[in-house]
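Construct the entire structure; sequences and hints are all you get.
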Amino acid sequence: MSAPPPVEARGLVKTYGEIVAVDHVDLTVEPGDVFGYLGPNGAGKTTLLRMLLGLIRPNAGAARLFGRDPIVDGAKALDGVAGFVEGPRFYPYLSGRQNLRLLAAYDDPDSRPRIEEVLEVVELRDRAKDRVGGYSHGMRQRLGIAAALLRQPRLLLLDEPTTGLDPAGMRDMRDLVRRLAGEGITILLSSHLLNEVEELCNRVAIIRKGSTVYEGALGDLLATATSGYRLRAADPERARLVCLAHSGVEDVQLEGAELRFKADEQAVAALSIALGQARIGVTALVPETASLEELFLGLTGGDSADHDKEAVA
Amino acid sequence: MISAVARVYRWEIAKLLAQKRTYLGLGSAIVVPIIFVVVLVLQSGGPNDVPLGRYIRDTGLAVPFVVLFFMSIWGFPLITALVAGDIVASESHNGTLKTILTRSRERGEVFAGKVLASVSYTLAVVFAMGIVGVVAGSIAWGFHPLTSLSGTKVSAPHGLALLAASLAVYVFPLVGIAAFGLLLSTVTRNSAASVVGTLMWALLMQLLGVLPGTESFRAYLLGTQFEAWHGFLRTPADWAPVIRAIWVCALYIAAPLSAAYLVFLRRDVAGE
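Protein chains in written order, with my numbering: chain W, 1 to 313; chain Z, 1 to 272.
Source of the hints: derived by calculation from the structure; they are not laboratory data.
Careful: at least some of the hints might be erroneous.
[Stated by the list, open to error] Derived SDA-like pairs (lysine to any residue); straight-line CA-CA distance at most 25 angstroms: (1) Lys129/W to Pro92/W; (2) Lys76/W to Tyr261/Z; (3) Lys76/W to Arg7/Z; (4) Lys129/W to Ala18/Z; (5) Lys76/W to Ala6/Z; (6) Lys76/W to Arg10/Z; (7) Lys76/W to Ser2/W; (8) Lys20/Z to Gly133/W; (9) Lys76/W to Gly108/Z; (10) Lys129/W to Asn94/Z; (11) Lys153/Z to Val132/Z; (12) Lys20/Z to Arg140/W; (13) Lys76/W to Val263/Z; (14) Lys76/W to Arg266/Z; (15) Lys20/Z to Arg131/W; (16) Lys129/W to Ala14/Z; (17) Lys129/W to Arg21/Z; (18) Lys209/W to Leu55/W; (19) Lys76/W to Ile2/Z; (20) Lys76/W to Ser104/Z; (21) Lys20/Z to Asp130/W; (22) Lys20/Z to Ser95/W; (23) Lys129/W to Arg101/W; (24) Lys129/W to Thr96/Z; (25) Lys76/W to Arg267/Z; (26) Lys20/Z to Arg101/W; (27) Lys153/Z to Arg57/Z; (28) Lys76/W to Tyr9/Z; (29) Lys20/Z to Tyr93/W; (30) Lys76/W to Met1/Z; (31) Lys76/W to Arg107/Z; (32) Lys209/W to Leu299/W; (33) Lys20/Z to Pro92/W; (34) Lys76/W to Thr96/Z; (35) Lys129/W to Gln19/Z; (36) Lys20/Z to Ala128/W; (37) Lys20/Z to Tyr135/W.
[Claimed, not checked] Away from chain Z, derived, C-beta distances all over 10 angstroms, residues of chain W: (38) Pro4; (39) Arg127; (40) Tyr214.
Virtual Cβ for every residue (Gly too), placed ideally from N, Cα, C.
This is the structure in structure tokens:
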């Protein structure tokens with residue numbers, strides 16, 4: 001029997017009154033994945049992560065981490081698991097180091113010697129003696145990662161780890177995630193930042209209003225999106241007529257000096273010959289690939305007003 | 001399990017020691033007997049109507065007993081509520097509850113640590129008042145034998161032992177108030193509401209004790225148990241009010257604490 005996957009959720013439902021925050025979500029994260037859980041704000045990403053960590057009880061369905069259900073097995077289900085939801089939170093009146101000591105005591109006293117090591121990893125050693133109340137948002141995020149690493153996790157659950165960070169902070173956080181993934185830690189990362197997911201993740205689930213609308217490899221998702229071709233020709237009007245007459249070329253539209261159409265590769269190859277025979281000079285013939293952003297907007301129906309702004313950033 | 005609770009408890013104490021409200025409560029418990037002694041040194045007359053009030057200038061040992069009476073109405077309940085009402089709610093509010101509940105401790109262990117810390121704080125404030133009261137009173141009037149409620153003289157060392165026993169039995173109803181505070185703290189997730197609600201509940205218990213028509217059940221009200229120590233100061237000692245205080249308070253402690261425990265085990269820990 002193969003080992004149970006790091007994350008396996010089946011039919012998870014969470015409702016708040018009449019609002020269905022998470023609606024029958026299935027999710028599997030395999031060992032070594034950097035899994036992007038992608039959705040607009042309010043799509044239920046944080047609620048799902050809370051259920052995975054046992055912080056809230058699902059109304060239906062079950063979540064298992066390495067085969068253990070946090071509702072049934074309690075804290076034991078979190079062995080080898082670490083992370084945070086909605087941003088890491090610490091005691092503001094204790095120093096960064098004291099906060100980690102407290103958490104080490106809550107874990108396993110043997111982890112205490114590792115405190116300096118994890119502070120070093122997140123580059124917080126110089127400020128570790130200061131009270132967390134005086135930390136910047138970025139420093140708290142880094143302390144959150146340090147607190148997670150203290151558990152020597154095999155699975156990291158990170159809820160929007162770069163949200164609220166400045167560009168340099170975002171870059172550092174992503175470098176850190178990439179490095180941890182390189183060390184073999186499985187990572188489930190929620191985000192509404194498409195470029196982040198594209199940069200870091202090998203697999204994604206896209207959710208909308210609590211339901212999964214896509215789950216699979218990021219490459220497969222992008223491959224489905226080769227939607228058509230763009231053609232620039234010396235004589236666009238005549239080129240349009242050639243396209244219209246050509247079998248296998250559909251949805252031909254002239255937009256300014258550019259033609260757009262849908263066709264498979266064979267039809268496009270034949271079309272280029274036909275254009276040459278018609279003595280129409282071709283200056284560009286390129287496949288049009290939808291960006292993850294376009295796919296995302298298509299799948300989520302453009303739910304959130306702020307995601308497209310962020311996605312471009 | 002026990003070592004896990006001990007670790008949680010140790011850090012609950014560390015957290016209390018790092019928070020201002022702890023010192024506000026502890027400071028009040030220390031300052032009240034000092035103010036009391038200073039005022040009585042500067043003024044003539046005294047609290048002649050309260051138990052041992054007439055003998056307050058005879059010995060420093062009488063001071064904590066008299067202060068116990070005055071602080072039972074709202075002083076100690078407020079000081080207790082300040083911490084017990086906050087101990088879960090502030091963690092909900094700050095989001096640190098989810099931080100500690102995603103580590104390796106079971107919810108029951110975390111809850112037990114918080115209960116023990118609340119009880120320790122209650123013990124600390126009562127005994128701090130007692131010690132400071134004796135010291136301040138002894139500086140003013142000396143450390144002399146104490147006149148008991150039966151009018152007999154009790155040697156100073158014996159009086160000190162009676163004070164320790166009295167403070168210990170006085171802690172029981174206070175822990176009852178702390179248990180109610182913990183329940184509100186767990187259920188409301190709002191520190192201010194829990195502190196005020198706990199104080200209101202303590203005042204209601206006191207009010208019921210003085211209203212006419214409550215005589216039949218007065219002995220079983222939480223507020224009444226603040227007088228149980230009187231039993232120790234009779235000759236011979238009257239154990240009946242002490243024993244009643246212990247079992248009555250046990251009920252007042254067990255009921256809200258069990259409810260709080262069940263809520264804490266099952267509650268959703270989500271953004272506040």
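- Checking against the hints above, which ones are violated? none
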